[in-house]
Amino acid sequence: MDYEQMLAKAQKELPESVSSGERFQVEKVSGHLEGNKTIISNLKKISDRCGRPPEHLLKYLQRELASPAKFDGERTIFGTKIASEFINKKVKQYISEFVLCPSCGKPDTKLLLTEDVQYLKCDVCGNKVPVKRIR
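Just so we're aligned, residue 0 is where the sequence shown starts under numbering that gives the first Met the number 0, counting upward by one.
It is worth saying that the hints were derived from the structure and are not from the lab. This one's a predicted model, so the numbers in the text were calculated from it and none came from an experiment. Treat each hint with caution, since some may be false.
Here are the simulated lysine to any residue pairs, SDA-like style, with alpha carbons at most 25 Å apart [stated by the list, open to error]: (1) Lys105 - Lys69; (2) Lys91 - Pro67; (3) Lys69 - Arg48; (4) Lys44 - Cys121.
Simulated restraints on C-beta separations [stated by the list, open to error]: (5) Pro67 - Ser40: 16 to 24 Å; (6) Asn35 - Ser95: 28 to 36 Å; (7) Lys44 - Lys88: 14 to 22 Å.
The beta-carbon is built from N, C-alpha and C at its ideal position, and this holds for glycine as well.
Starting from the given sequences, assemble the full structure and let the hints guide the process.
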């Protein structure tokens, strides 16, 4: 078998899509309900993947979901029952607002705080846009 035949055979055996093409993918929240509390087991992992402090993401979710929450080791405990689809929707909004660059769409950004204004600074295109502060 010559090189061209081996190459054709190898290409034919490859799957159609090796990856989705996305280098930035955040997993969905995983958790369960305990009584009238919602326990999320991977929120810290999600915030690490986004490159943001877990406390920042938690503050955002507390405000958006109107529920008290706290970290308990690796778990996150919300004080009310919340559907995981709703939490995932809010995590996507957080990523859109505080992680992805509005100009180029890349996740290579940093949050900068100057005086009373918080900025999202992109390391790829250099764009710097103000974003609301989470208090």
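**Request:** Give me the numbers of the hints this structure contradicts, sorted from smallest to largest.
**Result:** Hint 1 contradicted; others consistent.
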